[in-house]
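Place chains B, C and D on chain A using the hints.
Protein chains in written order, with the working numbering: chain A, 78 to 215; chain B, 78 to 215; chain C, 8 to 87; chain D, 8 to 87.
These aren't lab readings, by the way, just hints derived from the structure by calculation. Yeah, the Cβ is synthetic: ideal placement off N, Cα and C, and Gly gets one too. Certain hints may be false.
[Stated by the list, open to error] With the Cβ distance kept under 10 angstroms, some of the chain A side facing chain C (calculated, not the full set):
| no. | residue |
| --- | --- |
| 1 | PHE108 |
| 2 | ASP114 |
| 3 | GLU127 |
| 4 | MET132 |
| 5 | ALA133 |
| 6 | GLY165 |
| 7 | VAL169 |
| 8 | LYS193 |
| 9 | THR195 |
| 10 | LYS200 |
| 11 | ILE203 |
| 12 | HIS214 |
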Amino acid sequence: MIDILLTSQTLNITGCADAVMSPQSGGIDLFIGTVRDATKGKTVLRLEFEAYEPMAKSEMNKIALQAMEKWPLHKVLIHHRIGVLEVGEVPVIIAVSAAHRAAAFDACRFIIDTLKLTVPIWKKEIFEDGEVWVAAHP
Amino acid sequence: MIDILLTSQTLNITGCADAVMSPQSGGIDLFIGTVRDATKGKTVLRLEFEAYEPMAKSEMNKIALQAMEKWPLHKVLIHHRIGVLEVGEVPVIIAVSAAHRAAAFDACRFIIDTLKLTVPIWKKEIFEDGEVWVAAHP
Amino acid sequence: MIIKILAFGIAKEIFGGSSIDFALENEVTTVDLKAALEERYPSLAELSSYLLAVNNEYAAPDLTIGAKDEVAIIPPVSGG
Amino acid sequence: MIIKILAFGIAKEIFGGSSIDFALENEVTTVDLKAALEERYPSLAELSSYLLAVNNEYAAPDLTIGAKDEVAIIPPVSGG
Numbered sequence: 078m079i080d081i082l083l084t085s086q087t088l089n090i091t092g093c094a095d096a097v098m099s100p101q102s103g104g105i106d107l108f109i110g111t112v113r114d115a116t117k118g119k120t121v122l123r124l125e126f127e128a129y130e131p132m133a134k135s136e137m138n139k140i141a142l143q144a145m146e147k148w149p150l151h152k153v154l155i156h157h158r159i160g161v162l163e164v165g166e167v168p169v170i171i172a173v174s175a176a177h178r179a180a181a182f183d184a185c186r187f188i189i190d191t192l193k194l195t196v197p198i199w200k201k202e203i204f205e206d207g208e209v210w211v212a213a214h215p
Numbered sequence: 078m079i080d081i082l083l084t085s086q087t088l089n090i091t092g093c094a095d096a097v098m099s100p101q102s103g104g105i106d107l108f109i110g111t112v113r114d115a116t117k118g119k120t121v122l123r124l125e126f127e128a129y130e131p132m133a134k135s136e137m138n139k140i141a142l143q144a145m146e147k148w149p150l151h152k153v154l155i156h157h158r159i160g161v162l163e164v165g166e167v168p169v170i171i172a173v174s175a176a177h178r179a180a181a182f183d184a185c186r187f188i189i190d191t192l193k194l195t196v197p198i199w200k201k202e203i204f205e206d207g208e209v210w211v212a213a214h215p
Numbered sequence: 008m009i010i011k012i013l014a015f016g017i018a019k020e021i022f023g024g025s026s027i028d029f030a031l032e033n034e035v036t037t038v039d040l041k042a043a044l045e046e047r048y049p050s051l052a053e054l055s056s057y058l059l060a061v062n063n064e065y066a067a068p069d070l071t072i073g074a075k076d077e078v079a080i081i082p083p084v085s086g087g
Numbered sequence: 008m009i010i011k012i013l014a015f016g017i018a019k020e021i022f023g024g025s026s027i028d029f030a031l032e033n034e035v036t037t038v039d040l041k042a043a044l045e046e047r048y049p050s051l052a053e054l055s056s057y058l059l060a061v062n063n064e065y066a067a068p069d070l071t072i073g074a075k076d077e078v079a080i081i082p083p084v085s086g087g
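With the rest of the complex left out, here is chain A (with noise of 0.2 angstroms):
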């Protein structure tokens, strides 16, 4: 079961966990970022993404299909907010199930790692002075 998300509502904690438990699952490991207060040493205000979203639906579907032809495991989950997140606020939660707690963990770190590599979202930073897209320059 891979169940993919990309909203611009709260994520829901708990309901991530509860849609990847299954009666036959031993473990599962969820990943939650967050947004930090400071990058830098710049104070952040609040971040804004942005989605290419019919590709980064895509993406985001091939990276748990891989996750799941590599790992043995039950469910994968990944939700992406995009729009406009404070501090604290969270912008990413990866939930992964499996029998045994070393897939669930490899698989969530994969995941979480390949989607800042390859699915189409961008983060702008919000500071007191002004703005930037992060990685954009060198």
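Just chains B, C and D now, with coordinates in the frame of chain A:
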């Protein structure tokens, strides 16, 4: 910050995530144990967890301290349930926050692996035709 | 031939909008289209990197792009 | 000397209760106490393994145990 709990009440997944969030954190890793419906091909009806409570809390605290020495973490939470648990219920939640996700993943995995080796908590599996203390006999 | 090119993130600022209609004489490969875009929008070459997506897939350098394809500029992603 | 020994999990079933009062002539080390217990409760030796805890800490083999110590049998743990 270290948050240790041994309780007969239902564990609260979102509450555990919220407890380790901080404005300095960029990532939270959460491990959620769940009760499987079968072990070695036999149907499990329910589990019973028993703890040597003062020592279990002390060992959980030691593991959290070790994790904080090994990795740059913000907060560590270890909640474990005792008593009777049905299939699908959650016996354990580990939550770790850190500025960077690699530390959160490594620490979370270290904590659950070590907990299963050292914390004096015992699990009895109840089947239709009997019951067994897990790992007691070769 | 007119190709509509979608822009996101920093590319939207470089294009001055969320898409452009880009005129070309013939069908082009990904590599050729990037070169043509950089000539018209030199700021693209200042990015850390960028890719083209065609029909919601990252495009190989030698892929041929025609007027019916959905093309998008993918500047360095930063989700998660 | 009487030592009160707490039991958990399978050890509770071996002892027939959650603690026993175990009589010893002198102070003993962890190793000696395990040997004495196994003589009285042979089923202990059939476990995969077990440790003693003294005052809420795993006890080293050569630790001396006295009447005022809180001693517990720790059969193989299986939390999580």
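Now the hints, each set against the structure:
1. The restraint placing PHE108 of chain A at the interface with chain C holds, with a minimum CB-CB distance near 9 angstroms, inside the 10 angstroms limit.
2. A distance limit of 10 angstroms between C-beta atoms decides the matter here; for ASP114 of chain A the minimum to chain C is near 17 angstroms, and the interface restraint is violated.
3. Residue-level restraint check for GLU127 of chain A holds (minimum Cβ-Cβ distance to chain C is 6 angstroms; threshold 10 angstroms).
4. Given hint, MET132 of chain A at the interface with chain C, holds; its Cβ is 4 angstroms from that chain's nearest Cβ, closer than 10 angstroms.
5. At a threshold of 10 angstroms, the smallest CB-CB gap from ALA133 of chain A to chain C is about 8 angstroms, leaving the interface hint in force.
6. With a cut of 10 angstroms, the hint placing GLY165 of chain A at the interface with chain C is violated, because the nearest CB-to-CB distance is about 16 angstroms.
7. Nearest Cβ of chain C to the Cβ of VAL169 of chain A: about 5 angstroms, under the 10 angstroms cut. The hint holds.
8. The beta carbon of LYS193 of chain A is positioned within 10 angstroms of a beta carbon in chain C (closest approach about 4 angstroms), and the interface hint is therefore held.
9. The restraint placing THR195 of chain A at the interface with chain C holds, with a minimum CB-CB distance near 7 angstroms, inside the 10 angstroms limit.
10. The interface hint given for LYS200 of chain A is met, as the beta carbon of that residue sits about 4 angstroms from the closest beta carbon of chain C, less than 10 angstroms.
11. Look at ILE203 of chain A: its Cβ only gets to about 14 angstroms from chain C, farther than 10 angstroms, so that hint breaks.
12. Look at HIS214 of chain A: its Cβ gets to within about 6 angstroms of chain C, closer than 10 angstroms, so that hint holds up.
When each numbered hint is compared with the structure, violations occur for hints 2, 6, 11.
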